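> The lines below spell out each chain.
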Amino acid sequence: MIYHHLILRVVTKVLVGTIILFALYVQFHGDFSPGGGFQAGVIMAVAFIIYGIVFGLRNVKRVFPEWLVHKVLALGVLIYAGTGIYAMFMGYDFLDYDALSPAHPTSGQHWGLLIIEFGVGVTVTGVMVAIYYAFAGRPPSISNEDW
Amino acid sequence: MIDTITNIILLSMLVITALAIVRMERLFAVVMLSGVFSLLSALLFVTLDAVDVAFTEAAVGAGISTVLLLSTIALTKPVERRPRHTALVPFIVVCVTGAALVYGTLDMPAFGDPNAPAQIHVGPEYLARTPDDIDVPNAVTAILGSYRGFDTLGEAAVVFTAGIGVLLLLSGLRRRREDEEEDQI
Amino acid sequence: MSKLLDLQFLAGHAHYLLFIVLMMTGLFIVVDKTNLVKKIVGLNIFQVSVFMFYVSIGKVSGGTAPIFPMDDKYHVDKDALLGIAYSNPLPHVLILTAIVVGIATTSLGLALIVRIRESFDTIDEEDILNIEQDMTRADNQKHGNAMGGPA
Amino acid sequence: MADTAQIVEHTARTFRDHLPVLQVLVPFCTAPLIVLLGSRRLAWPLAFIASAIALVISFIMLMDVREGGMLTYTMGGWAPPLGIEYRVDAANAFVLLLISLIGTVVLPFAYASFRDEIKSRDHTLMYACWMLCFTGLLGMVATGDAFNVFVFLEISSLSTYVLLAMGADRDRRALTAAYDYLIMGTIGATFFVIGLGMLYMATGTLNMADMADRIADQGMNRTVRSGFAFIIVGMGLKVAMFPLHLWLPKAYTFAPSAVTVFLSATATKAALYVVMRFTFSIYNPDFAFATNTLEIIFIPLAVIAMFSASFVAVFQTNFKRMLAYSSIAQVGYMLLGIALLTDTSLTAAILHMFNHGLTKALLFMGVGAYVLRANGSFYTQIAGLGRKMPITTGAVVIGGLSLIGVPGTAGFVSKWVLVQAALERAPENAMFLAIAVAIVLSSLLAVVYVWRAFEVLYLQEPDPNSTATEAPLMMLIPMWILAGGCIWFGFSTDLLHDTAAQAANGLLQGTKGMMVLTGQGGAH
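Chains as they are written, first to last, in the numbering used here: chain A, 1 to 147; chain B, 1 to 185; chain C, 1 to 151; chain D, 1 to 524.
Worth flagging that the hints you see were computed from the coordinates, not collected in a lab.
Here the structure is a predicted model, which is why all the values come from computation and not from measurement.
Warning: the hint list may mix true and false statements.
[Said to hold, decoys possible] Just the calculated beta-carbon pair ranges, DEER-fashion:
#1 B:L19 x D:D463: 58 to 66 Å
#2 D:Q218 x A:A103: 23 to 31 Å
#3 A:L15 x B:M1: 38 to 46 Å
#4 A:G82 x D:S120: 25 to 33 Å
#5 C:E132 x D:D463: 26 to 34 Å
#6 D:L423 x B:A128: 38 to 46 Å
#7 C:D6 x D:V440: 50 to 58 Å
#8 A:A103 x C:D6: 13 to 21 Å
All C-beta atoms, glycine included, are put in the ideal place defined by N, C-alpha and C.
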């Protein structure tokens, strides 16, 4: 099945790199242009999904193994909540990013936004890839012809 | 003037797509049309100045939900059977809800009215304070992350719940040792 | 109700009425259709049109997207800020949350549909209802005579 | 970097100030922690410790606000109209205590019940999903921001759909029950969002207190009224109000027993609290609109629910499905308490939420024990178990008596206060006298279906080859804790009654109570 999709394989090899690059751009430019954690997470997951569709589930699972997906899934939420808890330990309110650099509140806000967007991006990537693995793992019930 | 024309065109195309989805029998066409519907709504969001929402709707609505719908159809049956019951009762339910909604719009401020309550009370305060408090060009990210950061934490939890739910229903939690054994066989 | 007829009101509220038509189409699909996947698509349409209704609340005619101009040090250029009218950013934030809730519900619904097809071998609600009625009838036969006859 | 580094003098927040957010945060962080560690042995202890901490926190908060005070907590340090604010007064502290108490007591029962009903491979994720449902319910009740209610409502709903669907290992109808609940729940949540959108359009703010005051100034225009209608219909689906209750019997019957225990005692109560909060704190009842509509719509629905659900419950052949129908009837009592719009009636509604929570959790735990030992909850399967499982059935008897409202049990107290509330308004017009009679009559129906269960449990011959033995200790202790609670709150009623009365007049003060108290609240 893999050998006669030559065009798809070549295009995907080119595409996957740029998609991941674009996802990272969207992730870390969320403060300056439209974008942020969710969009970046979805785009990053799309990169893995395209690779999975074209090269098959086993190959993409060698790149991003399932147990790692399930760890990443939980890590993002903890990163987000952890930032808030760190602020609480510093005596500020929950999720008050001034705590990250008490001397310069606005730079604390910048750091805060960056970290929580990263946490959200990680969680959304993990979730979308985990959902794709779950759906792709089941045996299809209809053959390719009668769509 | 150009805004209202593009809005009217987009909205009429949206209505046509929605009606087509009601009529369609083949599920593959229905899923493609739902992708079209999401993309059209993303365009409408751009004309309504909601660029972040347009980005998300395009990425999530047209992208991931179409992939999920297609993979579900691959695992189920592709053709829909015509329902045997008459469409009268659902139509009545829909008309009653529609009437309640229209009743609600009677006292609503006009579309795009700058001195509507929503535009006077909290909205401008966000716009005024973001440059000083958070000093981030994208006001939506500022509100999303910092002013209403707890909402976004809840949102991340919603995504996390969906992830766990699908794992529980379909594949179950994989642990490192199990993966090694699985690869051996 | 007479308000609905005068043109000036209609011009200002045309968008809301169209959003309501879209919402009701989505709701109709969910309530009327018996195919489980079609219901999820109807749910999507219902939610996306509610999001459009929300975002149209924040639109200020003549306003632009709420992204401030940047100076060279990547901070908000405060003086260039004053002249521009912006749309209200709050509904956008709410809708970002709601879109994610929508996709979460869709993925859970679809996972349930896959499991339902595997155990019921059909994704049409009427077939499922028949199967379930047979199961309850079988239960009543088996367990019905506890207190003088089945329910 | 910023040229004028204005260092804002900051008063550090002590641990006591963080309590409102810790209430939700502790269970919130446990769920991803359980998934991150991924070990089956650690999942249950982590969940139990988190629930116990949440219980202690909710108890401390209730003690703080019993005298009518209010704890406020601003998320991210932003003042209310801009940021999200947690506002804990007697009403939601009371419901938080109920949810945490049920969550903590039911977890040992869940440990034993999951081992029997759920594949061991899924236990880790089950406890993570359980904690998310627990967090969603707590977050829904504790928050003071309208949109935040929707977000946490979705967290609890999504995890509820999954927990229900996990009953599919025993009976495949759990999947369709979960799917139907998903469709109706999502329509309900979207109605709630539409209602919220209309409120936001009319007031411009999302903070409940701020919204309440702006509605009080502006008065009721049509957008606000239809917003109220959509919110009540949306939450009515979650409360299983009479016409919107179709999902409940199937969902509770085919769910795993431990899930039914937890949901029956907490999910409808949290949604009911949100209905109360919107009806009394945001739409102040002394508006002409709110008063007569509530009476015209809620009272008939509540009375129909009480009678029809009890009537259907009498004819059930499955003990678990019978209890599910009786839950719908009991929700009718609580809605009646809200619809009568007096101080005592609201106290009765809040009291009944607590008492019914204890009673229904106890009864469903009994069902879980029968499912564990007799592999089913049909009357033929549990016939004569009173002799084989005396301790379990003893607790079930106490629960049944409390469900009927026999004097000396918790159920009696709240029904008695409800009847008093109805009689108080009797001189206004005869309808309220009829309502008082209706409450007593539907309790008689409750006697019929509860006695039917007792008769099956005790007076019927157990089938000879049944191997039923007594339930394990992990099930008996929670059951007898709740049974003791039913009895204790049946006799010493002042603790619960005063707290509920304080909660009721906190709610009934309506908008004036919200904004005025902001000053006194948390340490700013």
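> Run every hint past the structure and note whether it holds.
Tested hints:
1. A C-beta distance of roughly 59 Å is found between L19 of chain B and D463 of chain D, which places it inside the suggested range of 58 to 66 Å.
2. About 44 Å separates the C-beta atoms of Q218 of chain D and A103 of chain A, a value inconsistent with the hinted range of 23 to 31 Å.
3. For the hinted restraint 38 to 46 Å between L15 of chain A and M1 of chain B, the CB-CB distance of approximately 40 Å keeps it satisfied.
4. The hint said 25 to 33 Å for the Cβ distance between G82 of chain A and S120 of chain D, and at roughly 30 Å that hint holds.
5. Between E132 of chain C and D463 of chain D the beta carbons are some 27 Å apart, a value that agrees with the proposed interval 26 to 34 Å.
6. Evaluation of the 38 to 46 Å hint for L423 of chain D and A128 of chain B yields a failure: the beta carbon distance comes to about 56 Å.
7. For D6 of chain C and V440 of chain D, the hinted distance range of 50 to 58 Å is satisfied, since their beta carbons lie about 55 Å from each other.
8. As the Cβ distance of A103 of chain A to D6 of chain C is approximately 60 Å, the hint placing it in 13 to 21 Å is violated.
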